[in-house]
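Sequences and hints are given; from them, build the entire structure.
Read left to right, the sequence shown gives residues 0 to 286 (numbering that gives the first Met the number 0).
These aren't lab readings, by the way, just hints derived from the structure by calculation.
Since the model is a prediction, treat every value here as computed from it, not as a measurement.
Check each hint, because a few of them may be wrong.
What the hints assert, rightly or not - Between beta-carbon pairs, the in silico distance windows are:
1. Asp62 x Gly241: 33 to 43 Å
2. Ile44 x Asp7: 41 to 51 Å
3. Asp240 x Arg48: 16 to 26 Å
4. Thr196 x Lys58: 31 to 41 Å
5. Asn157 x Asp7: 47 to 57 Å
Don't be surprised by glycine CBs; every beta carbon is placed ideally from N, CA and C.
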Amino acid sequence: MSMTNSGDWPDSFDFDKDAICQRIFLPFIQEHLDGMANLDQERIIEFERKKNSPEFKDKFAPDEKLNYTFSDHLARVHDRILDTADLLGIDKTAAKNTAKAALLHDYGKLYQDINLWIDTPEKSSGALKETRRQHAKTGADLIKEHITDNMDALMADNSDLISEREDILDHPFLSLALDIAENHHEHMDGSGTLGKTADQLSGPVKLVAIIESHDGYCVKRPHQPRARTPLEGFDHMVKKDGLFDPTYLHAFKNVLKQEETCLKKPQQNSGFPDAGTSATVHHHDHI
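Shown next, in the form of structure tokens:
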């Protein structure tokens, strides 16, 4: 599944105005976000159980918490897509469509064993990392399966809007969401999960791959003793050349510089995080 090989951005519709997006895909995204929030709560409970188990009791710091939640990750990725696309001069409607579609990029995690996503003092590698990364292709398949399995109900409930199955299955938003979900762990040099190379990756995928990868490098986790600033996380992420689109990478770094500048300014009742977190300072509506 690939939306485009030319890097074109999805500006043929407007998510906020398109009737199918609002009546079919918006409720689906909200359902997914609710599911991710519930999964995060289950992960927090399981993390505490594992931390206090005989196997791990002496391996975690007493105050260790599960800081990397999927819900917060999706929000940060959404916001930084908009901020980076703005710096790149990408059409605002196309950027918004991409940010909304990216909210589904980790859909497959809902259907994996929860124990895969309970952080331990050892960084994931080998078979564990490979199994985790399967959520990308699995997620894309499951999104399409969910829409297909519920097609009769969707058509019945929206008979004034939808006359054929293809009205939904061929909608450009679904193509965009599937493209991002399946390919967000791909690399320009072909070293990603599915081995796809730069010419097989769309512009939205190349941008999401950078932003969502960076997020994991910043949050404090058991194998990462302190949170990194956004720019520290960026420097760690780019130690290996050839993984990411250089134009998008440069723009993203400038977004992070802007974030750190804003975070260093005194804030009054802003609710903004400390500079050591990876949250963005520009907040956007996610739904």
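Cross-check of the supplied hints:
1. Asp62 x Gly241: 33 to 43 Å: holds, 39 Å
2. Ile44 x Asp7: 41 to 51 Å: Distance hint for Ile44, Asp7 holds at roughly 44 Å.
3. Asp240 x Arg48: 16 to 26 Å: violated, 41 Å
4. Thr196 x Lys58: 31 to 41 Å: Distance hint for Thr196, Lys58 holds at roughly 39 Å.
5. Asn157 x Asp7: 47 to 57 Å: violated, 28 Å
The structure fails to meet hints 3, 5 from the earlier list, while all remaining hints are met.
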